[in-house]
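Given these sequences and hints, build the entire structure.
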Amino acid sequence: MGVGITVERLNAFYGKTQALFDINISVLANHATALIGPSGCGKSTFIRCLNRMHETIPEARVEGTVRIGDFSVYNGTSATQLRRRVGMVFQKANPFPTMSIYDNVAAGLKLNGFRKRKELNEIVERSLRSSALFDEVKDFLHKKSGASLSGGQQQRLCIARALAVQPEVLLMDEPCSALDPISTGKIEELIFQLKEQYTIVIVTHNMQQAARVAEFTGFFLLGKMIEFDKTEKVFTNPSDKRTEDYVTGRFG
Amino acid sequence: MRTRFQQQMEELREKLLRMGGLAELAVDRACQAYTERDLTRCQLVLENESLINAAEREIDELAFDILATQQPAAVDLRFILAVTKINADLERVGDQAVNIAERVMDMIELPAVELPVDIPRMATAVSAMVRRALESFVEGKAELAQAVLEMDHVVDRMRDEAFIVLVRRMNEEPQVTQQALDALLVARNLERVADHSTNIAEDVIFWVLGADVRHHAQSVSAAPAPRSESAH
Amino acid sequence: MTGLAVLTVILVLLPLGAIFAYLVYKGIGSIDLAFLTQTPRPVGEAGGGMANAIVGSAVILAIASLMGVPLGIGAGIFLSEYGRNRYGDAVRFVSDVLNGVPSIVIGIVAYGLVVVRQKHFSALAGGVALAIMMVPTIARTTEQMLLLVPQAIREAAYGLGVSRWSTTLSITLRTATSGVITGVMLAFARVAGETAPLLFTAFGNQFWNRDINQPTAALSLQIYTYALSPFDDWHRQAWAGSLVLIVLIVGAVAAVRIVVRHGKLAGA
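In the order they appear, the protein sequences are chains A, B and C. At the far end of the first sequence sits residue 398, using the working numbering, and the numbering has no gaps. At the far end of the second sequence sits residue 514, using the working numbering, and the numbering has no gaps. At the far end of the third sequence sits residue 369, using the working numbering, and the numbering has no gaps.
No lab work stands behind these hints: they were computed from the structure. Positions of the beta carbon are idealized from the N, C-alpha and C atoms, including for glycine.
With a cut-off of at most 30 Å between alpha-carbon atoms, the simulated DSS-like pairs for lysine-lysine come out as follows:
no.	chain 1	residue 1	chain 2	residue 2
1	B	K423	A	K376
2	B	K423	A	K379
3	C	K365	A	K289
4	C	K365	A	K256
5	C	K365	A	K264
Part of the chain A face toward chain C, derived, beta carbon under 10 Å:
no.	residue
6	T202
7	A225
8	T226
9	R229
10	M234
11	F236
12	N240
13	P241
Distance windows between CB atoms, simulated:
no.	chain 1	residue 1	chain 2	residue 2	range
14	A	T202	C	R291	31 to 41 Å
15	A	R261	C	T278	13 to 23 Å
16	A	T202	C	D190	13 to 23 Å
17	C	R362	A	K162	45 to 55 Å
Shown next, in the form of structure tokens:
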């Protein structure tokens with residue numbers, strides 16, 4: 147089951163540059179929340195703060211609190227522990243090219259020491275079914291590498307891989323921006339189903355996508371969160387003029 | 283940004299304004315024809331009806347095109363929805379003007395009769411409503427639209443009064459029934475024009491404020507504060 | 102344009118082919134079972150072989166690989182994953198310098214480090230010298246191959262909650278495996294034919310040797326000694342030895358390539 151995310155007074159820095167200013171957000175459990183905004187507005191930085199991936203960049207620093215469910219992201223939990231509870235899917239599908247499809251999905255578990263064959267088989271199948279990929283690859287799970295699939299399939303493989311470690315939250319950073327409309331449609335369909343079990347935060351450039359999949363939408367601009375409300379309100383009658391200008395295409 | 287989109291929206295706005303002008307003119311002409319028992323004016327109204335109908339088709343086509351190709355959102359989306367509705371109301375206004383003109387053409391064949399009902403005054407009020415509704419669209423001002431909503435009560439009362447007075451007259455003097463009936467029908471047509479103007483005003487409020495005030499769902503004062511810039 | 106390209110390829114392959122052809126021409130006649138299984142005869146006597154040199158070379162190269170490959174790959178991992186800074190630049194500089202040091206100097210260094218301490222020549226010392234020569238090549242190619250692995254792959258692993266070290270070994274290195282092996286093979290092939298470093302370390306041996314702490318024969322040394330000698334028979338054997346050396350090196354590289362390809366998945 148998914149959990150809610152609470153962010154309070156989050157400020158993020160890269161060295162001396164401040165990337166996020168005083169972000170306050172409550173993400174509802176088992177809902178999809180979309181983050182929109184022009185390039186460089188901080189939405190990707192924000193989502194990476196949720197699973198501490200921003201720490202892979204040197205001199206990255208964060209102030210404020212982030213709580214996922216009942217535990218605090220920045221006090222106490224190690225980054226690797228955290229990332230097993232908060233999964234991430236990236237903009238460009240990045241399956242491990244030298245591993246088979248099976249090994250790709252099992253990677254998160256195997257690399258953390260889990261080796262029981264029978265359970266692994268079950269988990270791999272379940273994850274591939276959850277990401278609507280099982281039927282397409284079941285005949286060559288061990289024979290073909292992760293990189294031999296099409297773009298849309300690769301992304302679904304990455305989703306399966308993220309789901310295999312059974313996170314509570316799934317972060318998606320522009321997951322469909324490199325995909326054709328049909329693959330995009332399949333993944334959007336997936337997000338709809340995944341909402342029942344996970345809390346999903348999706349960063350997207352495509353406003354129509356945000357409108358299609360998310361119940362809530364947050365608009366970021368220059369590192370600040372300008373508006374956060376139900377999606378239909380943001381797209382039919384936003385409260386802030388800046389949101390309206392962005393959503394109607396007057397800038398960005 | 284989005285030059286083509288802005289151009290299309292501007293085109294839509296202008297087309298609607300032109301159509302509004304045609305409808306307003308038709309109503310004014312029909313009312314003048316009544317007051318002056320003028321056949322020529324009646325004929326003009328009937329001839330120009332096709333222009334109004336053609337405009338309705340064009341506007342619907344353009345709005346549909348924009349919706350399909352530009353994915354308008356927020357205020358732009360509301361604008362287009364409002365335009366398609368105002369479009370329909372304006373076309374009905376044109377129809378009502380034609381009805382009035384036809385009534386007048388009937389009336390002219392009969393001897394003139396003094397009736398205790400002031401159609402010209404009602405016509406002035408209704409004409410003002412149409413004008414103000416179109417003004418509120420041009421300016422994008424919800425206050426002007428709200429004023430139109432209030433004027434509707436006055437016109438309704440006028441119609442009810444006319445009904446009572448004319449029915450009494452018809453009972454007292456059956457020989458003037460035809461003329462009285464014509465006057466009654468014209469009054470009703472005018473009241474319908476007033477209703478359509480009210481609809482237009484409600485659609486303007488929806489576009490500008492994002493509030494649905496139809497069927498008295500919500501008064502304007504409770505709606506969110508208007509913003510400084512509108513869709514054009 | 103294509104014609105020009107083909108021409109240049111031929112021009113480059115021509116010397117290689119010529120050398121090989123000449124080696125075969127000069128040496129094939131002298132390779133027989135005796136050559137491959139017997140030790141050298143005393144001076145003046147005809148016959149005998151280089152069996153001990155072949156085995157000796159293998160032993161020395163094995164020792165060198167055991168030391169040089171892990172060290173080189175480790176250095177490569179450091180440079181690519183943890184050394185994108187001035188400290189890493191210093192290591193890179195030192196590695197490049199070491200690469201340029203003449204092989205005889207490295208031999209002398211190994212002599213000073215190992216032979217003088219042990220007070221005798223040995224295969225171990227020879228292995229040390231060759232290992233020192235392998236490390237810079239392996240380190241640099243490993244670094245380059247690891248850098249070629251897209252950052253997205255590492256991020257995918259981090260996102261799954263895999264630790265940095267585990268990611269480096271199990272994901273990054275694994276993705277770059279074939280490139281790293283190529284680097285190792287390159288280094289191997291280069292040192293397999295080195296003679297100078299072995300002069301004062303392995304020293305050479307006319308007899309079988311089972312102890313790595315004793316002077317050991319090596320093909321390159323044997324060829325060197327025989328080629329400089331005044332004996333025709335030894336010259337003949339030198340040609341044969343050269344051919345054997347080349348064949349063994351090419352064979353080793355090819356064998357590794359085949360094994361690696363066999364382990365690859367469809368589409369990887």
